[in-house]
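*Asks:* So the chains spell out like this:
There are 4 protein chains.
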Amino acid sequence: MKTQNKRKIINDPVYGFINIPSDIIFDLLEHPFFQRLRRIKQLGLTHFVYPGALHTRFQHAIGSLHLMTKALDVLIAKGNNISHEEYEAVCIAILLHDIGHAPFSHALEHSIVKDISHEEISLAIMQKLNSNFSGKLDLALEIFQNNYHRKFLHQLVSGQLDMDRLDYLRRDSFFSGVSEGVVGSERIIKMLNVIDDELVVEAKGIYSVEKFLIARRLMYWQVYLHKTVLSAESMLIKTLKRAKELAKNNVELFATPSLHFFLYNEINNSNFYDSPEPGQKSILDLFTSLDDDDIMVSIKEWSEHSDKVLSLLSKSILNRKLFRIEIQEERFRKNKIDKIKASASELYKINLKKIDYLVFSDSISNYAYTLEDSQINILNKDGSLIELSEASDILNIKILSKKAKKHFLIYPKDIV
Amino acid sequence: MKTQNKRKIINDPVYGFINIPSDIIFDLLEHPFFQRLRRIKQLGLTHFVYPGALHTRFQHAIGSLHLMTKALDVLIAKGNNISHEEYEAVCIAILLHDIGHAPFSHALEHSIVKDISHEEISLAIMQKLNSNFSGKLDLALEIFQNNYHRKFLHQLVSGQLDMDRLDYLRRDSFFSGVSEGVVGSERIIKMLNVIDDELVVEAKGIYSVEKFLIARRLMYWQVYLHKTVLSAESMLIKTLKRAKELAKNNVELFATPSLHFFLYNEINNSNFYDSPEPGQKSILDLFTSLDDDDIMVSIKEWSEHSDKVLSLLSKSILNRKLFRIEIQEERFRKNKIDKIKASASELYKINLKKIDYLVFSDSISNYAYTLEDSQINILNKDGSLIELSEASDILNIKILSKKAKKHFLIYPKDIV
Amino acid sequence: MKTQNKRKIINDPVYGFINIPSDIIFDLLEHPFFQRLRRIKQLGLTHFVYPGALHTRFQHAIGSLHLMTKALDVLIAKGNNISHEEYEAVCIAILLHDIGHAPFSHALEHSIVKDISHEEISLAIMQKLNSNFSGKLDLALEIFQNNYHRKFLHQLVSGQLDMDRLDYLRRDSFFSGVSEGVVGSERIIKMLNVIDDELVVEAKGIYSVEKFLIARRLMYWQVYLHKTVLSAESMLIKTLKRAKELAKNNVELFATPSLHFFLYNEINNSNFYDSPEPGQKSILDLFTSLDDDDIMVSIKEWSEHSDKVLSLLSKSILNRKLFRIEIQEERFRKNKIDKIKASASELYKINLKKIDYLVFSDSISNYAYTLEDSQINILNKDGSLIELSEASDILNIKILSKKAKKHFLIYPKDIV
Amino acid sequence: MKTQNKRKIINDPVYGFINIPSDIIFDLLEHPFFQRLRRIKQLGLTHFVYPGALHTRFQHAIGSLHLMTKALDVLIAKGNNISHEEYEAVCIAILLHDIGHAPFSHALEHSIVKDISHEEISLAIMQKLNSNFSGKLDLALEIFQNNYHRKFLHQLVSGQLDMDRLDYLRRDSFFSGVSEGVVGSERIIKMLNVIDDELVVEAKGIYSVEKFLIARRLMYWQVYLHKTVLSAESMLIKTLKRAKELAKNNVELFATPSLHFFLYNEINNSNFYDSPEPGQKSILDLFTSLDDDDIMVSIKEWSEHSDKVLSLLSKSILNRKLFRIEIQEERFRKNKIDKIKASASELYKINLKKIDYLVFSDSISNYAYTLEDSQINILNKDGSLIELSEASDILNIKILSKKAKKHFLIYPKDIV
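Going down the list, the protein sequences come from chains F, P, R and D.
Our numbering puts the first residue of the first sequence at 444, with every later residue one more than the last.
Our numbering puts the first residue of the second sequence at 444, with every later residue one more than the last.
Our numbering puts the first residue of the third sequence at 444, with every later residue one more than the last.
Our numbering puts the first residue of the fourth sequence at 444, with every later residue one more than the last.
So here's chain F without its partners, still in its complex pose:
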């Protein structure tokens, strides 16, 4: 099983000591692909609002692994048969579920690396690791892609109550200091069971599940979609788009070599997987050398670039002089936006054509529980199953599953 020297314990401020369950998990942890996650913050620029929210995807992946071992142990104790291979495979799947995330994932997907989801990249990286590890990740890949017949294993990795969510809600609330987001993950896990290879929650866990959904919603509005965070991340998208446009026009820009490639080349779904020229790095290799630091140091340099749009945006992010953001239910009137654009154009002596980088409107939406998505099934004492939306009289699940769409308008604060 586990050789002595790989028996490692990791100190986690959230859960205390975390044990690494097996050798291959240890080896995956040590791999540069996984170590890269140390340099990618889980919540991007959220630390501009919650200074403690500096935790990384590395920590989250290990935390999810920890909850996975707890969940598996509970399921086994309840008499569910889980083989050693399945145990290890689902641990690998959860460990690597987010390995394809770019730095500032959301922002980059809207500016630099287009039309490729982080799930696809996670899959590509897992496949590459699988060939490095001579096929030992086969079952993990099956589970990850939901091709394995025991669906509950996939559901533990990706489902309404997966270990990913249970960890990130707890971890994000811990590090942001928004203590209300705390989720009773321990109790939910104790209530899990498997019926016909599907994950279910025992009836007496229903209050915990309700609270989980409410906590998640609270975290959305209070943290993930906090208006100041939204402003910062929108500004980051605009900054990267501007840089990309300048690059297209062959304007010289400082960029770390990794970032330089993605600025000066058009990468998308169709060429991402192209084989590299001999002696060259593959795009995946280049991608996996990108991290938060590349973005941040480039922005720091851009804050003194001669392009006014780029430098204004970059300096504002660097020094956290974030733009004003207004949020409302309805779309903003064109009239209002145009007026602000005119003022901005005048104030900054910036051409109206380029003013869209500084004054812009968009929308966001969020939903806490999706019906189309996998459901949460509640197991009654008599053995019958019932869907949560029927089991819970208190939660208006229909509304939870309805996208809540909000419009926002962003512009520099010195425009009155």
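Among the clues, some could well be false.
If chains are identical, the list can't say which one is meant, so a pair holds when it fits in one copy or spans any two.
Here are the simulated DSS-like pairs of lysine-lysine, each with C-alpha atoms no more than 25 angstroms apart in a straight line [said to hold, decoys possible]:
1) K777 / K521
2) K824 / K633
3) K796 / K633
4) K647 / K571
5) K724 / K784
6) K513 / K633
7) K724 / K782
8) K691 / K856
9) K856 / K824
10) K513 / K451
11) K571 / K764
12) K670 / K647
13) K594 / K647
14) K633 / K521
15) K691 / K849
16) K647 / K764
17) K521 / K691
The set of hints was computed from the structure by calculation and includes no laboratory data.
These figures come from a predicted structure and were not determined experimentally.
Chain F is fixed; fit chains P, R and D onto it per the hints.
*Replies:* Below, chains P, R and D alone, put in the same frame as chain F:
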């Protein structure tokens, strides 16, 4: 203001250090009426299920006081004018709001001291203290009775978001170890404000309020109405009723002197306030000498009493051999109950007339948010007010406010 | 192993969920002898100073059991061979290690039940349980009495770093709110190992052990020997001694039947184990029906007794009007004590002969680490062992092991 | 005082809500010099061992500010006169006390920016801010430099029990997950007082102070000087030294512009403060644009540099393949080191002259309490003062104040 020697700090596992804000509060804390609360557990027999839930009404009263000072400081910092007298009075009101609770309050109200609510007794005790303190509690009494024109002060003592609830939910979840019941009381308090002398919550606090209501509901089903607790407390009621009946029939029973009086006399709303005979104690004095210990030692002795019903019930409570409890939405069929009664009668050789003490059905109900009660008003940024049930799309407030009624059936475990 | 219906989880505010490891442990938990511990507070009257310190010996015993399972799992994972029988036996031994404690243990040992240590009574109770459980506690008893050849098992129950201490320090600091007493029990346990059947601590755990010793010392002075607690418990001793003296003189006193026996009979080492008359209860049975409540309700009644000494002491305890306490390194001068006695005698019109109950001096001592006691051995990386007092340069172990003796003088506050 | 729009609350995972006490503090927080601290981790590469230890100097500065306001409020409540100006000035002093830290402070001081302490740079930055803020930092500067007659104000910023230490110990233990390092800062602060303008601790705080010193020592050995951290930081120093040497020899190296300047120029105490050429940035400006990201992205690029030494070191840091470290009390024998060097030279085909970058020995030392430094004075109840080393019988303060020196030897793991 505050003399040096009364500047006292209390260590509280929940909040850390608690400061006593003024001399009269300190003097009230020292009064035997208040010290009695040290001997009355907040959650009665709940520690049979959650062994840590031994905290007392004394701790809760001081915790509520602590939150009150925090809330008042927030309101003052927001520019609300609160005089020194009002500050002190509302602190006194919250400190004493539960001072009239009997030991095992709910159980005693159904067995020994009838038709008198603990609120009425709290009022009587506060009035008695007011005369001892030469009228210094006048304003506190006005606020407590909601006769003072600034309604928000009463609402802080007793309302949807009063300091009583904010403390007990947090404290009960802390000591029971049900961490999910934890409420972001700190954040809710930061969001309070006053409009037209009514308490309101600023709009961005709505998610915290939603979570508060869900946490409260969770605590109801997981702790306050936990089936084993329900069984224990129902058995306690039956035990005391049996003791009372035996007393009525002049059967000799051990009882501490305080309890003895209430067993051998019929006390109710109409004679509770009667003036005592000269040289005798008033009923209020006798009442305030009763505490949890009187009940528990008496039950311990009764466990060896010759009355089979009394001893069986008492021994079962003493050694935590609690009766089986079944819970369901519908009323239990008479047929089923009668069968169980017959078995019990045969098993214990107890007359069918008396078997109701051992086999019985009843119902409980609960609601987390009452519309008839004071409402929670949300203050929008534009200054408008909106009721929570309209402001929250997610919570089905109508359902929260609907009494959830459940029926239960209790009988000894050795009846199959 | 473990049947489904005895698979029980206990909610503990300190550690979260605690699993009961086996059926016999579950059955012992359910036994009236063990349930009695629910009615005995771990820290006696300490809640007069730290209102949260209401936790019971029941909680502590279960917490110690929990740490024991953690420690055993660590030792097994390090390759130490521990049989299933040994595992269960040492769990039983720790669970029952304190089962012989009287209510307000220290106070009662100085007043009512003389010359019998709680260890002896624990042993007697364990032996009685062993006969009830048809010898299944044989090995547990061997370990408890340190007659088993694998010494480390006894050391886990009773030694410098036993699970008893690790739990009570953590639990007492948790419930008292003295957060500084918190001990890294999880880390110390991870550092345990066994060499030649003796418990050792791996070298890198030395800082945790140092901190454990310092935390323990802090808890002594800040909690266990807090001067107000000392005053309360000394007053309790005097109260019980006075009651006993009155009983000897055939003065009628209220007492619960269990307490009554011990007040009106002289119980000591020589007659404690006497066989009872036929149809009578044994002294052990009487002893195990005594709990905190017997003492407290009796004191409540005594607060109105005609004996001035008894009522003054009792009323002062009941209402927490504790006597003044002075503490100093040197013995108090007889001169000073006599003066105070004279004032007290005059003030209360109490005969000088009896004034010793109200004005008295005594001493306490404490040591955090005893050399005579079992030692803490540190295991170096090279396999050599070294005693802690040699391994730690920072701690003056000699001083830690020296009894720190302090004298105190107690008298009513209204004597100036 | 405080205008409405600057009334800001910061969420801190350690303390909860933190209030910004005044406008100028708010403006300083917003300044780019202070915002830079968001990009400088408090504990450098410690997160390689404790993944949660990503907290920044920004968070620490705000946490220290928070404790400072608590301490000042306690001192004022005890009757010490502290003017509004003093209050604000000492808050500014603590807020800015670490503003001069370079990224990976210790490592950079040994490689790139020589002979200039971070205290000197902090002072230079504060002076620059003072001129920006038209002299409003005059008093803060006086206090910071210990030129103000009320010494206790300086001692709160820098002394045995300053707010800096109280915050960083608590914060570092919180984020590293080493819960044993937790210090009862709240209690120590409650025990502070001022005698003759010097900070003292009231006698009953002595156990908390002892525990603080022990916790600090534990943090030193368990976190600050953890052997793996030591290895990582030593490797960082070697990497930067190698880069600097290559730069000196005009080898081309990737570096962010800010870092480039410091690599290709010799900066030290004598030219740091030189006035810049017209139109050029001052060295201080260049320094304040350096942060952790500059170092980390450069190392990432260097991991593919043609210089074998540079790339080996850089790649090892990047992917956390840290070198082996041996630690012992005595100096390592030259013989042993030379053998390892020879193996390394052969293995990596690296010239023996350059092998010192990969195989090297050095020493570290640590002391928890320095006598020469300001002392901790304990205030007895009788008003007398006594130094801690005399007041504490348990701690061997002489040993605490003795530098504990350890030698270490570092080399790549593939050398057996």
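*Asks:* Now, for every hint given, state plainly whether the structure supports it.
*Replies:* Against the structure, the hints come out as follows:
Taking identical chains as interchangeable, the C-alpha atoms of K777 and K521 are never at most 25 angstroms apart, the minima being 60 angstroms within one chain and 36 angstroms between chains. Proximity of K824 and K633 under a CA criterion of 25 angstroms is satisfied intra-copy only: 15 angstroms inside one chain copy versus 39 angstroms between copies. In this assembly of identical chains, K796 and K633 lie within 25 angstroms of each other by CA distance neither inside one copy nor across copies; the values are 57 angstroms within and 44 angstroms between. Taking identical chains as interchangeable, the C-alpha atoms of K647 and K571 are never at most 25 angstroms apart, the minima being 43 angstroms within one chain and 39 angstroms between chains.
For a Cα distance limit of 25 angstroms, the shortest separation of K724 from K784 qualifies neither inside one copy, at 43 angstroms, nor across copies, at 34 angstroms. Taking the shortest Cα distances, K513 and K633 sit within 25 angstroms of each other both inside one copy (9 angstroms) and across copies (19 angstroms). For a Cα distance limit of 25 angstroms, the shortest separation of K724 from K782 qualifies neither inside one copy, at 48 angstroms, nor across copies, at 38 angstroms. When the C-alpha separation of K691 and K856 is checked against a cutoff of 25 angstroms, the pair qualifies neither within a copy, at 30 angstroms, nor between copies, at 45 angstroms.
In this assembly of identical chains, K856 and K824 lie within 25 angstroms of each other by CA distance solely across copies; the values are 19 angstroms between and 58 angstroms within a copy. For the homomeric pair K513 and K451, the shortest alpha-carbon distances inside one copy (17 angstroms) and between copies (17 angstroms) are both at most 25 angstroms. Within a single copy, K571 and K764 get their C-alpha atoms only as close as 41 angstroms, which misses the 25 angstroms cut-off; across copies the closest is 21 angstroms, which meets it. In the homo-oligomer, the alpha carbons of K670 and K647 lie at most 25 angstroms apart only across protomers (11 angstroms), although the nearest pairing inside one protomer, at 36 angstroms, exceeds that limit.
With identical chains, the CA atoms of K594 and K647 are at most 25 angstroms apart within one copy only, with a shortest distance of 23 angstroms there and 40 angstroms across copies. In this homomeric assembly, K633 and K521 come within 25 angstroms of each other (Cα to Cα) only inside a single copy, at 10 angstroms, whereas the closest approach across copies is 28 angstroms. Taking the shortest Cα distances, K691 and K849 never come within 25 angstroms of each other, neither inside one copy (32 angstroms) nor across copies (56 angstroms). In this assembly of identical chains, K647 and K764 lie within 25 angstroms of each other by CA distance solely across copies; the values are 23 angstroms between and 48 angstroms within a copy.
For the homomeric pair K521 and K691, neither the shortest alpha-carbon distance inside one copy (59 angstroms) nor that between copies (52 angstroms) is at most 25 angstroms.
Violated hints, in rising order: 1, 3, 4, 5, 7, 8, 15 and 17; the structure is consistent with all others.
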